[in-house]
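One letter stands for each residue in the lines below.
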Amino acid sequence: MLLKEVLSLMQKDFVLEWRQKYAFNGMLLYVSSTVFVCYLSFGLRSNVLTVPVWNAVLWIILLFTSVNAIAKSFMQENRGRLLYFYSIVSPQGVILSKILYNACLMLVLALICFVFYAFVLGNPVQDVPMFLLSILLGAIGFSTSLTMISGIASKAANSSTLMAVLSFPVIIPMLLMLIKMSKNALDGLDRGASLDELLTLLAINMIVITVSYILFPYLWRS
Amino acid sequence: MKNWWKILAVLLLVFTVVAGLLTEVPRLAILNETIRNLYFHVPMWFGMILILLVSVVYSVKYLRNPSIKNDVIAFEAAKVGILFGVLGIVTGMEWAKFTWGEYWSNDPKQNGAAIGLLLYFAYLVLRSSFAEQQQRARISAVYNIFAFAALIPLLFILPRLTDSLHPGNGGNPGFNSYDLDNRLRLVFYPAVIGWTLLGIWIVNVKSRLELLKQRLYENH
Chain A
32 MLLKEVLSLM QKDFVLEWRQ KYAFNGMLLY VSSTVFVCYL SFGLRSNVLT
82 VPVWNAVLWI ILLFTSVNAI AKSFMQENRG RLLYFYSIVS PQGVILSKIL
132 YNACLMLVLA LICFVFYAFV LGNPVQDVPM FLLSILLGAI GFSTSLTMIS
182 GIASKAANSS TLMAVLSFPV IIPMLLMLIK MSKNALDGLD RGASLDELLT
232 LLAINMIVIT VSYILFPYLW RS
Chain B
16 MKNWWKILAV LLLVFTVVAG LLTEVPRLAI LNETIRNLYF HVPMWFGMIL
66 ILLVSVVYSV KYLRNPSIKN DVIAFEAAKV GILFGVLGIV TGMEWAKFTW
116 GEYWSNDPKQ NGAAIGLLLY FAYLVLRSSF AEQQQRARIS AVYNIFAFAA
166 LIPLLFILPR LTDSLHPGNG GNPGFNSYDL DNRLRLVFYP AVIGWTLLGI
216 WIVNVKSRLE LLKQRLYENH
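Those protein sequence lines, which keep their order, are chains A and B.
Quick note: the first sequence uses the working numbering, first residue 32, plus one each step.
Quick note: the second sequence uses the working numbering, first residue 16, plus one each step.
Keep in mind that the hints were calculated from the coordinates and are not lab data.
Some hints could be false.
As the list claims (entries may be wrong) - From the derived model, a few chain A residues whose C-beta atoms are all more than 12 Å from chain B:
#: 1; residue: Lys52
#: 2; residue: Asn99
#: 3; residue: Asn189
#: 4; residue: Asp227
#: 5; residue: Thr231
Unchecked claim - Reference listing, derived: stretches of chain A covered by chain B, where coverage requires no fewer than 3 residues with Cβ under 8 Å from a Cβ of chain B:
#: 6; region: 55-67
#: 7; region: 146-155
As the list claims (entries may be wrong) - A short, non-exhaustive set of chain B residues, derived as facing chain A with CB atoms under 7 Å:
#: 8; residue: Val33
#: 9; residue: Ala34
#: 10; residue: Leu36
#: 11; residue: Leu37
#: 12; residue: Asn47
#: 13; residue: Ala129
#: 14; residue: Ile130
#: 15; residue: Ala137
#: 16; residue: Leu139
#: 17; residue: Val157
#: 18; residue: Phe161
#: 19; residue: Ala165
#: 20; residue: Leu169
#: 21; residue: Leu170
#: 22; residue: Leu173
We put the CB at the ideal spot given by N, CA and C, even for glycine.
Construct the entire structure; sequences and hints are all you get.
See below:
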C-alpha cells in the first residue's frame, strides 16, 4: 500500500519535472556555470589546483547545487495541491517519495557535474568506481537530510535563508566523510581504507531517514 | 523537603570549587595544574547532553500532547543546553591555549563541538521566524528532535574515527586510562552531578517564569 503510494507520487514528480523541465534545466545551468567559473578562476594558474583542492571544490559545488535543487521540493507545491495530497495519501508516502525523487535528481545532477568538472578541470581520479560510489552516497545523503530540512524551512516565512542556516550544520559531518572517502578514491588507496567512512555514512543516512519518517507526519499536519 | 536537590546542587558545587582548586592532583607533563579543568570543562558537556536530552523528551511530549508547558520547557532546556555548550567550548579553548598552544587548533573535537552549537543556534533562528505560537511550537519541536539525532553521530561517532589532540583520542591518554585515579574521581563525579543539577534548576526557574508571564499576558 505504502509502496504503491510512494511509486505513484514519484511518478507524479517525474512527470511534472519532465513537462516543466524548469528545475532540472535551471540546475543544469547552475552546475555548468559554477564549474565554468571555477575553471576560469583556476585555469590561469593550473599549478594552484592540487588534488585536495580539486576534491574540495567539487564537493562544495555539489553541496550548493543540492541545497538549491532540494529547497524547491516543498516550496514549489502550491497550497491547493498540498491540501489535495493531504486528503488522499499518507505523510510517510510523501516524505519517502520526495527523498527517493530527490536522490534520483541529485544523482543525475552530480554525475553530470562530475563529468563536466573532470572534462574542464582534468581528472586526477585513480579509482573511478570508488569515486562514483562516493558520489552515489553523497546524492543519497544530501537528499535524505535536505528533504526534511526543506520541509521544515518551507513552513517559515523567510524560507530560503532558513534553508541554508538549517541545512549546513546538518550536512557538514556527512560532507567531511564524503570528502575523506573521495580523497581516498582520488589517491587510489586500498578500498578497505574507506570502509569506516562508508559504514558511518550509511549509518547516518539510516538515522536521518528513520527520524524523517517518524517526524514528517507532525510537520505535514500544519 | 521538596527542594533537597537544590541544596544538594549548591553543596556539590561549593565542594567542586573548593576541592577542585585545593586538593592534590596527579603531576603530569604538559597538563600540570590544568588537569583541574576536568572538574569544570568536562561536566559542561555531560550537562549539555543531559539537558538537551531533557529538551528532546519535552519536544516528543509536545508532539504527543500539545501544551504550552511542554513547549516552554523544551525551549528553555535547549537554551540552557546551548549555554552549557558555549561554556564548554570556552573552557576548552582556555585549556587548549595552555596545553596545545593555540585557542583553536582545528581539532576534530573542537570542530564537532562548534558544528553542534551551530545546529542549536539554527534552532533559535528557526523559532524566531514564526509568528503563530502553535506552529512555532510544533515545527521547532520537530527540528529539535531532528537536530538531536544529527548531534549524536557528530559528538560520539565522528571524533572516534579521526585522530585528535584531545585526551582520550588518537593515542593521547584519556583521563580514565591511567590518571583518573581516585583523587580525581572523588571530585569529578560530584562536579558532574552538581553542574547538571544547576542546569536543571535554571531550566526549572526559567520555565516557571515564562509560564507565569504567559498566564499574566492572557489575563490582561
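Quick rundown of the hints versus the structure:
no.: 1; hint: Lys52; in the structure: holds (32 Å)
no.: 2; hint: Asn99; in the structure: holds (18 Å)
no.: 3; hint: Asn189; in the structure: violated (6 Å)
no.: 4; hint: Asp227; in the structure: violated (6 Å)
no.: 5; hint: Thr231; in the structure: violated (6 Å)
no.: 6; hint: 55-67; in the structure: violated (count 0)
no.: 7; hint: 146-155; in the structure: violated (count 0)
no.: 8; hint: Val33; in the structure: violated (39 Å)
no.: 9; hint: Ala34; in the structure: violated (37 Å)
no.: 10; hint: Leu36; in the structure: violated (36 Å)
no.: 11; hint: Leu37; in the structure: violated (40 Å)
no.: 12; hint: Asn47; in the structure: violated (33 Å)
no.: 13; hint: Ala129; in the structure: violated (9 Å)
no.: 14; hint: Ile130; in the structure: holds (5 Å)
no.: 15; hint: Ala137; in the structure: holds (5 Å)
no.: 16; hint: Leu139; in the structure: violated (10 Å)
no.: 17; hint: Val157; in the structure: holds (5 Å)
no.: 18; hint: Phe161; in the structure: holds (6 Å)
no.: 19; hint: Ala165; in the structure: holds (5 Å)
no.: 20; hint: Leu169; in the structure: holds (5 Å)
no.: 21; hint: Leu170; in the structure: violated (10 Å)
no.: 22; hint: Leu173; in the structure: holds (6 Å)
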